[in-house]
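Visitor: Starting from the structure of chain A, add chain B where the hints point.
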Amino acid sequence: MTAVVFARFLRDTRRSMAWWALGMVALVLFTVAFYPSVKGNEAFDKVFEDLPQAVRALVGAQEGVPLTSPPGYLHGRLFSVMVPVLLVTLGIGLGARAIGGSEGDGTLELLLAQPVTRSRVVAERYGAVVVVLAAVSATLTASLLALGPLVGLLDGIGIGGLFAANGAAFCLALLHTTLAFAVGCATGRSGPAVATATSVAAGGYLVQGLAAVSGGVPAIEGLSPWHWYLDRNILVDGLPPAAVIGPVLVTGLLLAAGCWLFNRRDLR
Amino acid sequence: MTVARPEPADSLSGRRAGKTGWRRLTWRSVVPVLPVPDIVVEARQLTKHFGPVVAVEELDFDVRRGEVFGFLGPNGAGKTTTIRLCLDLVRPTSGSVRVLGGTGRDLVVRRRIGYLPGDLRLDARYTAAEVIAFFGALRGGVDEAAVKQLLERFDLDPNRPVGELSTGNRRKVGIVQAFAHRPELLILDEPTAGLDPLLQYEFQQVLRQAVDDGATVFLSSHILPEVEVLADRVGILRRGQLVAVAGIDDLRAQARQRIDFHVPGTADVAVFGGLPEVVSLTTAENVVQVVVEGSVDRVLKAAAGLEVRRIVTHEADLEEVFLGYYRNDLT
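Chains as they are written, first to last, in the numbering used here: chain A, 1 to 268; chain B, 1 to 331.
Just so you know, the hints here were simulated from the structure itself, not pulled from any lab data.
Any given hint could be a false lead.
Ranges between beta-carbon positions, derived for each pair [claimed, not checked]: (1) A:I245 / B:D155: 45 to 51 Å; (2) B:G51 / A:A195: 19 to 25 Å; (3) B:T167 / A:P36: 55 to 61 Å; (4) A:F163 / B:G168: 53 to 59 Å; (5) B:G163 / A:A123: 26 to 32 Å; (6) B:D212 / A:V248: 55 to 61 Å; (7) B:V245 / A:T2: 41 to 47 Å; (8) B:N159 / A:I245: 49 to 55 Å; (9) B:D212 / A:D105: 34 to 40 Å.
Note that this is a predicted model, so its numbers are computed, not measured.
For each residue, glycine too, the CB sits at the ideal point set by N, CA and C.
Next up, chain A with everything else stripped away, as it sits in the complex (with noise of 0.2 Å):
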């Protein structure tokens, strides 16, 4: 039988997949249009390196990457925050709303009734909602690819870095999403995993703030996802192995449980 419930759930997020990815596509446009008075802007460099440790780490300046440099320019600009954030916000509400939004709103009813198990529906959604953020991810990698070169800022970055920046990123944004996506699962409502997932991701981030401000407990930044995908300047310094095997292996927990919750509830 076909992923009838695949296919449908992509159909339902094609407008708003669309918009997203022409936000990713704008976001990089303005990034690139300003880079060319950035780069090479020793005043800029003198300006951060005279600032504080922690304020430099908020504004995502690393250790002996200059911000005007377009590892640093990209990392402080794009991966640091921007797209990191954008990411999850847009997998917490996809995951929230694929299962729990749905049966919220009442339409979960008649597609259970039919014959489909709730695995299947499970697991066709979910694919369905990796796919817009892989999707959504991949438009961002592109636009880079294509414009960076314009004026310079993929200089230095192999294309490697790049890939590997874009696929930390997408999997914190991951981590979020099945977060939300298996509290659907769970309480059959979207507000409830609307509000974990974003309380988790700004727990984590708060965390991984005050940990690059700080020096930060170790036992405590290791437990935020952010510091995983914050560790270091992925463009330069390749991916860091939590980066992608912790948001794997909680995702890979978080949907089994969610999964197993569903099947064993009663539908609201």
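Guide: Only chain B this time, still in chain A's reference frame:
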């Protein structure tokens, strides 16, 4: 008492119970036909609690093959919960409900069911045609000819988004999708809520056709006349408990009739004294109102002693019977 149903037309006889094989007809896909058991829905001690709230308690009832079984009760009596238990949308706290020889969890069983939820929610962005095609794809096919006929019958434009439709028209989409694959069991929760009288009549015709073709129907309603018109047997549900299960004809036999005897002046009602079938007796200027339970024979003979100028009888009122059940239950 169950009303005897005519045997289905030959072209559809493959759907009848006991016959196995493959049904072709006008189906886009080939759906295997399994034998339909004599008892299509079988609830045994079916109980569902939501936390401290008792939704239904120890229900025992059967829906027999080929009949229309009406579940009647006021709002909140547990009708919808029972229906959702049949479909495995909620799980019983204790007891069981078997459907088409399996459970609502079996996909094979669900493929053979057409379901219309009481609180029907459809994705507003899709057209009626898309909604029907989507559910059809999940079930492995719809009967295109039947769908076309239903759409025409209900005067439903399949190309308008569901979100633009009125409540009644949305309900029609729900009805069409429930009937679209010619299911062996129709589970309909308040099927005609929101339909105008003309469409209610159309719905009755469609339902009769399905039953004539061999379908079994389990429907719920809080509207007595609807059940009276459609059902062979009814189960009366009150506060999660089954108060009675009876044939409509049996209930009708119990029904009370009101007879108005128009007389000149004030009549001497002593002639009705001692008749046990007279439930109540009211006299007013020029009229005597008698409410009779059971046969009216002796009442009419007794009335011969009066100077009756006109007799007005009122329809046997089933509502009285049902209210009687509720009242008995209350005391």
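Visitor: Confirm or reject each hint.
Guide: Now for the hints, and whether the structure bears them out:
no. : hint                        : in the structure
1   : A:I245 / B:D155: 45 to 51 Å : 59 Å, violated
2   : B:G51 / A:A195: 19 to 25 Å  : 22 Å, holds
3   : B:T167 / A:P36: 55 to 61 Å  : 59 Å, holds
4   : A:F163 / B:G168: 53 to 59 Å : 54 Å, holds
5   : B:G163 / A:A123: 26 to 32 Å : 28 Å, holds
6   : B:D212 / A:V248: 55 to 61 Å : 57 Å, holds
7   : B:V245 / A:T2: 41 to 47 Å   : 43 Å, holds
8   : B:N159 / A:I245: 49 to 55 Å : 50 Å, holds
9   : B:D212 / A:D105: 34 to 40 Å : 37 Å, holds
Comparing the model with each earlier hint shows a violation of hint 1 alone; every other hint is respected.
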